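J.: What follows is each chain in one-letter form.
2 protein chains.
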Amino acid sequence: MSENEASKSHASPALSEREVQAWDVETDVVVVGLGATGASAAIEAAEAGAAVHVVERGWRGGGASAESTAQLYLGGGTPLQKACGFDDDPEEMYKYLVASCGPGVDEAKIRQYSDSSVDHYHWLTGHGIHFEPAFVPYEVSTHPGPGQGLSYTGSERAHPFCEIAKPAPRGHTVLKDGKMSGEFMMQVLMAAAQEAGAVIQPDTDGERLVVDASGAVVGLVARFRGERQYLRARRGVVLTTGGFAHNEEMLRRYAPALLGPTSPIGPEIGDDGSGIRMGMGAQGAAVRMDAGCVTLGFAYGHRDNLRGILVNAQGQRYVNEDVYQTNHGQIALLEQKGQVYLIVDDSIYSPPAAGEDDELVSWDVEVAAVAETPEELEAELGMPPRSLSHTLAVYNEFAAKGEDPYFHKESVWLQPLQSPPLAAIDLRVGHTYYALFTLGGLHTTPGGEVMDVEGNIIPGLYAAGRTASGIPAQGYNSGLSLGDCTFSGRMAAASAAKRSA
Amino acid sequence: MSENEASKSHASPALSEREVQAWDVETDVVVVGLGATGASAAIEAAEAGAAVHVVERGWRGGGASAESTAQLYLGGGTPLQKACGFDDDPEEMYKYLVASCGPGVDEAKIRQYSDSSVDHYHWLTGHGIHFEPAFVPYEVSTHPGPGQGLSYTGSERAHPFCEIAKPAPRGHTVLKDGKMSGEFMMQVLMAAAQEAGAVIQPDTDGERLVVDASGAVVGLVARFRGERQYLRARRGVVLTTGGFAHNEEMLRRYAPALLGPTSPIGPEIGDDGSGIRMGMGAQGAAVRMDAGCVTLGFAYGHRDNLRGILVNAQGQRYVNEDVYQTNHGQIALLEQKGQVYLIVDDSIYSPPAAGEDDELVSWDVEVAAVAETPEELEAELGMPPRSLSHTLAVYNEFAAKGEDPYFHKESVWLQPLQSPPLAAIDLRVGHTYYALFTLGGLHTTPGGEVMDVEGNIIPGLYAAGRTASGIPAQGYNSGLSLGDCTFSGRMAAASAAKRSA
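Chains A and B supply the protein sequences, listed in that same order. Using the working numbering, read the first sequence as starting at 1 and increasing by one per residue. Using the working numbering, read the second sequence as starting at 1001 and increasing by one per residue.
Calculated from the structure, these hints are not laboratory results. Treat the hints loosely; a few may be bogus.
[Stated by the list, open to error] Over 10 Å on every C-beta distance to chain B, these chain A residues come out as not near it, computed from the model:
(1) HIS10
(2) ASP89
(3) PRO256
[To be verified] The list that follows gives simulated cross-link-like pairs (lysine-lysine, DSBU-like), each with its CA atoms no further than 35 Å apart:
(4) LYS1179/B / LYS1166/B
(5) LYS401/A / LYS498/A
(6) LYS401/A / LYS95/A
(7) LYS1166/B / LYS498/A
(8) LYS1337/B / LYS401/A
(9) LYS1008/B / LYS1401/B
(10) LYS1166/B / LYS337/A
(11) LYS95/A / LYS1166/B
(12) LYS1179/B / LYS498/A
(13) LYS166/A / LYS1176/B
(14) LYS1498/B / LYS8/A
(15) LYS337/A / LYS1179/B
(16) LYS337/A / LYS166/A
(17) LYS1179/B / LYS8/A
(18) LYS1095/B / LYS337/A
(19) LYS95/A / LYS1095/B
This one's a predicted model, so the numbers in the text were calculated from it and none came from an experiment. Note that beta-carbon positions come from the ideal geometry of N, C-alpha and C, so glycine has one too.
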């Protein structure tokens, strides 16, 4: 008896092997989903000598990774960092990730990831990924421009993180014709998977896992163009179907604070939590299911906006504006109830350039109010008397001296806002874009083995990328998902491939 | 192979009935834990005609309920509300609970609870609970004093809740010799359970559930004074062991934001999540495991403190001070990083009365700074120039007019803070008491039936009180836990008692 048979928040029950009449496919490793995680898993398993069969829901692979900006968070002293003149160290990377990805990080995973990052860089470049050795100067942009492969994609240089770990740029971006291209990155990884010998079967939706009498996972039930298909996995099934940002019922149950005001990223056919639900149906534990990456990219492509100030409904500043856009999304949504504005003056304000072809840069600007004086702007916004006007007066006084005693914004972004008119850009939820993807998922070892609620490893079951809870436990920096996806996909597949058939 | 055999964050695996050689006890309904939930469950099941056996870890029952202030959140027009001259309505109660207990509430449970609240009042008084028909005037205290049975125990009259639902006092307090007494309340409920015929076995720790081949729960493995004991439950097992505030490993895994700065309430022998872990070990799903009630009771017993102002590390006000103490705990800890102070002047400041015998009222006061002027206080606290001094100037200007355009504190609490010296009472985490209990738990129907991750009801398994996720999904008002515990304990036990043996 089910509470609601059709509910998409429920686990997908595993099928007993006894119910399988005949296997349609027999292989060593079945990979479910062909985003960056699945492609990396397929490469790793195939190169380890395993027969690999990848099922992918779409007519071709790519997933959310193909729609991404192709940034991978790597460091510890990669060749790209060195070529651009930066020192980095696995220990500094570890300290930064622990501080910025918490609370409640998996320290063993962050340790493994930081220590292996240079190796992982070589693995990526060895499989056709190229990073252009040019650094995006911090003063120019927090995001890469044409031909620039390295940039800051987190809050490394911002207070308080700059006091916790030595900053280094760790955003490694894949470019195609000088532009960030997740699609191109996926073409390279999918080609490498085929080259390595993985069989890729599109138009196929994973439905349920198949378990033997002991509970070990031995296969997958899938649907291929309307027909049910049974795939036997002699060594293991690797779940790489992404998160659940597109599944409203799962968000409502597990992450209600993220529901409603946010916009899920990635293609709509994906990220419905199918892998997490299949894993749970085979007794996998799900953890940190309330966690999500929420991005408020008010300075994306409009770097001068960092010279403005962010204020809440009481006209108060609440954060140093130069922390990264993923911090901004979480802080604005969860700590300020999504009621925030960016205040700029005429010297900063720039409407989107006409004919802008980067849709991320031609960010929709909704102006909430324009006024000649702070007092008028305050009144226009319905803020209390002496709120925003005081904030501006104090900010300007210190900015003129290159100081921010309130929130310690880096001095390069400090200038008085005193060229009228003043404008309030509307960053309230419902008035701008809060991008969401989920961070919670199956509970895995650093080797990608899925654990049950008792902490036992479920033989034959592996998960990686956003289907698992990984490096970004609660907090996020750009590139961590693709970095974690490609790396954890490899770790899970390596574990599966070496398991006795 | 287990990740860590000794981990207290893992589920406790159920035992197969085949492994049970002989039953030591055979009964209809086994209740695990004897707090308010377990006692109410035992009464309900026994009065429905079931043979009931209660196992309790301690040498007598009581649990966190016995250490509580004995407040039950009831309403909808109870006899006590009427006797004190208040109208209330289940619909207003429903609206308030939905607004204050979210996000992500279980609306069906709140509907059932609001609609049944008057009935539940009669059930309680029918079993010996007495509520003294005297109301604590709001202007005097948000907490009951001697002989006062009814009070506000939430934010009903505070902005913005007062605009969402018609306020009514719903805190129904059990008094003993004029004092709030959870211990007395538990004596009454435990006596009623024995009166109804329930067998109560102390010194007994529930360890694992016993399941039959279909997965239905048929019994309990317990440890009684060092000896293992097998209890057969013909109709069902009701888990009522509280939450997991005393289990650091579970907090780290499921609710890391609540770990560390908070102090768990309730006796240390309880609230280690044993019931949740037993339920998970029998395939029960756990939901909202990140949720907790965090109380910052800065006005408890010091009602004039509501005339002060709460400020953050930047000297900014961030909330109307007259919201309830459970709101304050969550906001201070989760939105203000636990870095807050209460600013009072000499007309408000009162040290704890000498010889105070209510330990909750003789609240420890740590004064962070004292100064003659706002500017000096600001400097003493290390706040930036023109921060707290501005906040005080603006607050005082409007308070003199009986207005709070920033946060809408009720005018009864508004007065300028202008009698030197000024003091900052230290409410930072680590400097005062942030009381914690957890709100996440097993996923149950309104009838207390535990569901698995697929939404299927697990036959024979019931959970209630803080072992389940209930009325307070994320937000909290005092009395909701005892209200929910006693009510949900009854609902679960009624479901168990009527199940076919």
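J.: If a hint holds in the structure, say so; if it doesn't, say that too.
T.: Tested hints:
no., hint, in the structure
1, HIS10, "4 Å, violated"
2, ASP89, "26 Å, holds"
3, PRO256, "3 Å, violated"
4, LYS1179/B / LYS1166/B, "29 Å, holds"
5, LYS401/A / LYS498/A, "61 Å, violated"
6, LYS401/A / LYS95/A, "32 Å, holds"
7, LYS1166/B / LYS498/A, "64 Å, violated"
8, LYS1337/B / LYS401/A, "28 Å, holds"
9, LYS1008/B / LYS1401/B, "56 Å, violated"
10, LYS1166/B / LYS337/A, "23 Å, holds"
11, LYS95/A / LYS1166/B, "50 Å, violated"
12, LYS1179/B / LYS498/A, "67 Å, violated"
13, LYS166/A / LYS1176/B, "60 Å, violated"
14, LYS1498/B / LYS8/A, "31 Å, holds"
15, LYS337/A / LYS1179/B, "39 Å, violated"
16, LYS337/A / LYS166/A, "32 Å, holds"
17, LYS1179/B / LYS8/A, "49 Å, violated"
18, LYS1095/B / LYS337/A, "20 Å, holds"
19, LYS95/A / LYS1095/B, "45 Å, violated"
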